[in-house]
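First to last, the protein sequences are chains F and E.
As numbered in the numbering used here, the first sequence has no gaps in its residue numbers, which increase by one up to the final residue, 256.
As numbered in the numbering used here, the second sequence has no gaps in its residue numbers, which increase by one up to the final residue, 205.
Since the hints were made in silico from the structure, they are not lab data.
We treat Cβ as the ideally placed atom computed from N, Cα and C, and that holds for glycine.
Any given hint could be a false lead.
Here are the simulated distance ranges between beta carbons [said to hold, decoys possible]:
1) F/Thr139 with E/Arg200: 34 to 44 Å
2) F/Leu29 with E/Arg199: 19 to 29 Å
3) F/Leu36 with E/Arg200: 21 to 31 Å
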Amino acid sequence: MHFMQNSLFVRAYWLVTAATFVAAGSMIVFYAPNEVTMGIIQKIFYIHLPAAILTLFASLITFGASIAYITFRRSWLDDLGAAGARITVQFCAIVLITGMIWGRSAWGQWWTWSPRLTFTLLMFLLYLVYLVLRTSIESKQRRSIACAVYGIIAFLDVPLVYLSVKLMPDIHPSHIELARPMQITLLASAIPMLLMCAGLIATRYTLNSRARELETETVDEHAMVGAMPRLGGLS
Amino acid sequence: MNATNYTILAYTAGLVALWGYAALLFLEGRRLSRRTMKSP
């Protein structure tokens with residue numbers, strides 16, 4: 022079975038995603054106006070905010086899949102949770118990197134230990150540990166259960182990322198007023214990011230499932246090879 | 166470095182992270198396909 026390269030639908034999906042990226046990029050450059058006080062650096066917003074929202078979306082998938090795995094014990098839920106965690110790390114890294122570059126230009130420093138930044142960094146590290154946990158447990162069943170429990174615990178940080186800026190004094194803005202062209206550009210740039218996020222989660226999930234099948238087949242083959250001499254001896 | 170360069174840097178980093186990872190998944194898919202074809 023060929024995964025993403027041979028399916029016409031998948032090819033069309035990635036082509037559309039690339040086209041929407043080009044369209045959104047053109048709007049960011051040519052259509053969205055420069056913000057009055059910050060100037061052109063504010064345009065980082067069009068990648069920073071969608072990436073932040075999709076980080077929460079991906080972590081929510083891991084959270085939901087973890088709860089479902091503990092309830093139903095289906096291996097595909099474990100694969101989905103792992104895919105969500107991997108994409109959470111990916112998007113959270115983009116949020117942190119773009120935020121740091123924006124901060125360097127706007128605040129004059131790469132990093133400050135403000136509540137939202139700290140909780141976002143904590144979120145990145147928590148989901149990074151999730152990925153390390155997956156590689157460090159040998160038994161498939163134990164790994165799945167441990168990761169499901171951890172996936173639920175790690176999600177506890179997500180509301181803190183959202184609420185911290187509202188409940189505690191923070192250098193990070195909690196609410197931004199946008200002019201109409203900025204709102205339209207934000208929406209236009211959220212579409213390719215959403216397509217990318219969904220595409221990456223689906224692909225990662227497919228690869229996880231296939232890797233699990235191959236692992237099971239290999240274990241079965243080894244078990245058969247191990248059993249053959251004993252069967253031969255019996256006959 | 167001026168604000169324009171910081172903005173370009175941010176977008177380059179973001180896009181490389183996204184499309185770079187998509188390319189890695191594509192390669193992983195091809196590798197798994199080859200393994201599947203080899204297995205009897």
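Results for each hint:
no.: 1; hint: F/Thr139 with E/Arg200: 34 to 44 Å; result: 42 Å, holds
no.: 2; hint: F/Leu29 with E/Arg199: 19 to 29 Å; result: 21 Å, holds
no.: 3; hint: F/Leu36 with E/Arg200: 21 to 31 Å; result: 27 Å, holds
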